[in-house]
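With the hints as constraints, model all of the structure from the sequences given.
Single-letter residue listing:
4 protein chains.
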Amino acid sequence: MKIKVGILGATGNVGQRFIQMLENHPIFELEALGASERSLGKTYKEACYWYQTEPIPEDVSKAVVVSTNPDDKAYEDVDIVFSALPSDLAKKLEPAFAKAGKYVFSNASAMRMEKDVPLIVPEVNYEHFGMIEVQKSNNNTDGAVITNPNCSTIAAVLSLKPIMDKFGIDLVNITTMQAVSGAGYDGVPSMAILDNLVPHIGGEEEKMQTESLKILGNFEENGFKNANFKMGVSCNRVPVIDGHTESIFVKTTEETTPEEIINAMNDFDPLKRFNLPSYAKPIVIRSEIDRPQPRLDRNTGNGMSIVVGRVRKDPIFTVKYTALEHNTIRGAAGASVLNAELFVQKYL
Amino acid sequence: MKIKVGILGATGNVGQRFIQMLENHPIFELEALGASERSLGKTYKEACYWYQTEPIPEDVSKAVVVSTNPDDKAYEDVDIVFSALPSDLAKKLEPAFAKAGKYVFSNASAMRMEKDVPLIVPEVNYEHFGMIEVQKSNNNTDGAVITNPNCSTIAAVLSLKPIMDKFGIDLVNITTMQAVSGAGYDGVPSMAILDNLVPHIGGEEEKMQTESLKILGNFEENGFKNANFKMGVSCNRVPVIDGHTESIFVKTTEETTPEEIINAMNDFDPLKRFNLPSYAKPIVIRSEIDRPQPRLDRNTGNGMSIVVGRVRKDPIFTVKYTALEHNTIRGAAGASVLNAELFVQKYL
Amino acid sequence: MKIKVGILGATGNVGQRFIQMLENHPIFELEALGASERSLGKTYKEACYWYQTEPIPEDVSKAVVVSTNPDDKAYEDVDIVFSALPSDLAKKLEPAFAKAGKYVFSNASAMRMEKDVPLIVPEVNYEHFGMIEVQKSNNNTDGAVITNPNCSTIAAVLSLKPIMDKFGIDLVNITTMQAVSGAGYDGVPSMAILDNLVPHIGGEEEKMQTESLKILGNFEENGFKNANFKMGVSCNRVPVIDGHTESIFVKTTEETTPEEIINAMNDFDPLKRFNLPSYAKPIVIRSEIDRPQPRLDRNTGNGMSIVVGRVRKDPIFTVKYTALEHNTIRGAAGASVLNAELFVQKYL
Amino acid sequence: MKIKVGILGATGNVGQRFIQMLENHPIFELEALGASERSLGKTYKEACYWYQTEPIPEDVSKAVVVSTNPDDKAYEDVDIVFSALPSDLAKKLEPAFAKAGKYVFSNASAMRMEKDVPLIVPEVNYEHFGMIEVQKSNNNTDGAVITNPNCSTIAAVLSLKPIMDKFGIDLVNITTMQAVSGAGYDGVPSMAILDNLVPHIGGEEEKMQTESLKILGNFEENGFKNANFKMGVSCNRVPVIDGHTESIFVKTTEETTPEEIINAMNDFDPLKRFNLPSYAKPIVIRSEIDRPQPRLDRNTGNGMSIVVGRVRKDPIFTVKYTALEHNTIRGAAGASVLNAELFVQKYL
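Protein chains in written order, with the numbering used here: chain A, 339 to 686; chain B, 339 to 686; chain C, 339 to 686; chain D, 339 to 686.
Bear in mind the hints are in silico, worked out from the structure with no lab data behind them. Predicted, not measured: the structure shown is a model, and the values here were computed from it. Hints are supplied without guarantee of correctness; some may be wrong.
A pair holds if it fits inside one copy or across any two, identical chains being indistinguishable in the list.
[Said to hold, decoys possible] Below, simulated SDA-like cross-link-like pairs (lysine to any residue); rule was C-alpha separation at most 20 Å, straight line:
id	residue 1	residue 2
1	340	391
2	568	590
3	383	629
4	411	374
5	342	439
6	383	622
7	651	508
8	437	653
9	437	590
10	400	626
11	589	547
12	568	508
13	589	653
14	453	388
15	589	425
16	651	551
17	474	524
18	380	565
19	400	504
20	340	544
21	568	555
22	504	628
23	568	593
24	453	556
25	568	653
26	474	639
27	383	627
28	563	653
29	568	509
30	437	393
What follows is the structure in structure tokens.
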């Protein structure tokens, strides 16, 4: 018997990626496609402009879009909802679904920094799932909200985790080059980005800096405790469809070498033993001098692996490297689904 | 009476920019268009695929291309040659032109790090022109080779100079996002860069790190003395035609604020009093949250100003900011021409 | 004494181009910047996101945006308004301005096909200005609405006119490759067009087919009479910022050759004698095998010339050629301004 | 027992696509990777810059590259070679391989228009395979050269064939918008195509015009007889990685409607009964107003289907439509492989 799931915000770019991740899923069965009033009662095909390169799954295409109201009877048998809601709606609706007894795995930013909401990259900090019981108790609910971080945060924390574990981290400096899909389908006008780049993404630098410290920090009795290093970020938008690329500089606590860092990343594989359906090796190392590249490498591990290359010494930091992540798979829908898969297997 | 000048490597991308910079120039008169054997004896129009958005100047179009041999009589009356030669040819030919009594203003990398060759960004270190006499004496020549740095170095040192002068610099970290024109017309295949970026540019990081310290260092009796700070760089190629963008992080020696840094950059204008033909205010500050952008801002000051924006605090460094430079004007042909203009006015 | 003019829809992409065309204009003085309620009372700089590569003219930057109500006293001394309004607003407001005694030179599509509204490309059919008196009389107004065609129509009719005059035209077939700026700043999301093209532009094919026949037709006592040839069009959007490119096939009534067509186009210059401020040679012929190209050639004649190349024989049609037009200058703002300049000189 | 095959020109863009098509192929086994002297003796991984988005098949990666000499013992057991050679080499080497008893399925243009060389799109004219016996007899060889057309020709003839069969064709007019991969990895510099298009592809218009008439013509006792309609073409290069898009206009002999044309295309499926490994429905019709689009639709049928949309009336021609083809799969490597699969099944 599969677990029945719903999607909130099913017609947008991340919603479409959720649908792709859940197609023929071995443990989840897609039951409810929630979207805004405009789409209500239409078939999914009518309601959405599908802009993925694979066709809409046949059954989804014909399914009728429902509301995002937790009382909608479409959610009656649903245990888990995946949220791709805009932030303002997420703030209202996600707690409402938790109150209605659902586990909400959310890609929205609204609840990420709440004190009793876990912010999880499962390879990095699945022990933070422990906060779910606190959250339920605080709010007197049967369900809970579990979030995954901002797309650009994931490549950072995934690649930093094995370094932190082995050598400790004092300082992290990151400059991102982020794909246009991160802003949603209508987010970046072509006139803004053809033959151009934009050296600013609203709120992104702050999100990366605060989220990373929460995720790489500890879950303790009385709350989350931030990781104890400094991190500075500069974010840029570039004319790439999918795939965030990051130039990352790290100063470790203990001395180390690029070779040892590469080995630590290669060995890093804490979820392997769970055999999760959406699992892929979290970090794939490329040895070519000019990789990773977003167009060529973003689909590594079906878009669930980050790809790291050019690990080398730096005059100021201990090492620098380039990390790449498929921002709408590993950095969004895939992140929520992997969280849910691990949660189901380990905690339900 | 104008000074007669030649161009070595006149048909390539930087050569074309030299031609544009020298059109109707008030003190230089273009006399010799030197190129490889393939082009010899053809009119410039026949010899070159002109890919600038302004037409070829009429007289240049009809001029006959000559050799790059300093004995060619086309160079007889020429006092200055501008070099856009590839590095291997530059290594041989630039000293030969100096021996033939010419001042060679070179955009090539071959001679930049030689002990007696000045590497000049005129707003930053024109006192390094003093090395010319040493070079002449060392080589027993009447001419000399004067270089300008790699394109991506110029935005860095121009924006760092006012900071260094006022507050001192301890650490500099830069991630670049560089335009395809920096690799020459054929340098970056479209299949390599459409919907993509490449996190590597051969030799670029090393050049930026070594050249910047030489330029920001001192000219002393017995040689150049490097600036005394550490600098780490990560270079990327992005799908932009013209305009290198750099995310720059600086730790100053003395405490300071973004506002003070902005003021220092705004006040920085050491060449203004010379009224040089190609002069533009070296640093233009943009206050919008999402500027500078290469497509919109690269032509600021006819491509001779760098544009700085987003000066702000950083958790690790004192400040971070974004700098933009037109890489084939300010970063290449314009750099050589401005060097020559100042040299002529101040030293000839 | 200059003629005072206003712009309706001053903050959008075409509005910005109007501002650039009218900067330092010898006969027009920009007096009123009309925009929607959202912008009212703000300075132009505050009200608009300026995305041109040249800075906002200083005086415009500080000017206060006014309403688009003809009763607004900002329009009191204005004789001419240029309209870059969206179609639905144009339909209401342009006749209202005409009623208020203004000449409205409109780039909007709303009124183009009205029976008493002239649709003018001045090199092609300025005798259609004759309809202005009919329109005034029909509506009992002192002002009138004068339109210019859809951007992609202009390259077509300008290049067809000299062919029609000399050899007659039986059939015209066009496939367009149109720049994203034609859809307005937000019109084409980057996700829709990076590494892609879109083989459809709403209403464009119909507009080109109907407008071309009106423009190339005759103005007669009792109305316009369409040109007497057939025209079929297929429109595509491509990832180009500015510059519509068109593959055009023409079957002429009389036999002719590519050389004769080239000569006819080269000789075509009916406005030269008027010395209009925005005038440029209407058709510039390029002889290179691979021109015109939008990035390299769109600014020919300050964006007011169309560029034609590859005029050659075709197995079905008499000739085929490629035509290029800067769609937001020659194809929009520049078209209205040139209409107004000729109207003022010849009819006022 | 699988048939052993080789690839000539294995390291280039089309060669890489051949490798992908032949991975885990049910009837072909890849035995010889032939390339130029530069690559000889290296492993394939060392010899080639692999720029596909899927990794190199493991066994190919380690295989050693061999010469393109038919006497090389690497070809001893090979029955079929696929050729992705440049035209000049193809002219020499393909007949040499035929003489050595191999069947050469070639994507090169060199031999396509030879009188006894079949030029085949298997859904359209597989009866032209009959010419193989004539060729063998003419040249006294055991092998033969079988070609597939130029990439842009295939979308044309595939979509025209069902129209011709049902309604007859009098006139065809095509304007292409072709992807950069069609020119090979280094073929189109990024500076040539970013924010641009190029209205010319050397030899392409002529190839489309001549090849289409040969393919759609008849194979008769004494030779091929061209199809009896006129066709005019205009070719353009656009900034798209993969996927040629074509605006096609057709005048049929008998009257018909867009609906009948759509039905004829939908019903067109002459290879279905053969169950060929690389087979996909040849024409997939999209009903959306703005499809096909290269980025979204090029992988339809694993890149082996062409996608047709916007079938509609035209004022001059009977219908016009947009056709899309994956130019390096269906238009190159896949075309040769499908030819070979049918040949093996039906004629060997």
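Structure-based check of all given hints:
| no. | hint | in the structure |
| --- | --- | --- |
| 1 | 340 with 391 | neither (27 Å within a copy, 33 Å between copies) |
| 2 | 568 with 590 | both (11 Å within a copy, 17 Å between copies) |
| 3 | 383 with 629 | between (38 Å within a copy, 15 Å between copies) |
| 4 | 411 with 374 | within (16 Å within a copy, 43 Å between copies) |
| 5 | 342 with 439 | within (13 Å within a copy, 61 Å between copies) |
| 6 | 383 with 622 | between (36 Å within a copy, 18 Å between copies) |
| 7 | 651 with 508 | both (16 Å within a copy, 19 Å between copies) |
| 8 | 437 with 653 | neither (52 Å within a copy, 38 Å between copies) |
| 9 | 437 with 590 | neither (43 Å within a copy, 51 Å between copies) |
| 10 | 400 with 626 | between (45 Å within a copy, 16 Å between copies) |
| 11 | 589 with 547 | both (16 Å within a copy, 19 Å between copies) |
| 12 | 568 with 508 | both (6 Å within a copy, 18 Å between copies) |
| 13 | 589 with 653 | both (11 Å within a copy, 14 Å between copies) |
| 14 | 453 with 388 | neither (36 Å within a copy, 41 Å between copies) |
| 15 | 589 with 425 | neither (34 Å within a copy, 35 Å between copies) |
| 16 | 651 with 551 | between (24 Å within a copy, 18 Å between copies) |
| 17 | 474 with 524 | neither (36 Å within a copy, 43 Å between copies) |
| 18 | 380 with 565 | neither (47 Å within a copy, 46 Å between copies) |
| 19 | 400 with 504 | neither (50 Å within a copy, 34 Å between copies) |
| 20 | 340 with 544 | neither (39 Å within a copy, 52 Å between copies) |
| 21 | 568 with 555 | within (12 Å within a copy, 30 Å between copies) |
| 22 | 504 with 628 | neither (27 Å within a copy, 38 Å between copies) |
| 23 | 568 with 593 | both (18 Å within a copy, 18 Å between copies) |
| 24 | 453 with 556 | within (13 Å within a copy, 53 Å between copies) |
| 25 | 568 with 653 | both (18 Å within a copy, 6 Å between copies) |
| 26 | 474 with 639 | neither (34 Å within a copy, 48 Å between copies) |
| 27 | 383 with 627 | between (44 Å within a copy, 14 Å between copies) |
| 28 | 563 with 653 | between (31 Å within a copy, 18 Å between copies) |
| 29 | 568 with 509 | both (5 Å within a copy, 16 Å between copies) |
| 30 | 437 with 393 | neither (35 Å within a copy, 46 Å between copies) |
Of the numbered hints given earlier, the model fails hints 1, 8, 9, 14, 15, 17, 18, 19, 20, 22, 26 and 30; all others are met.
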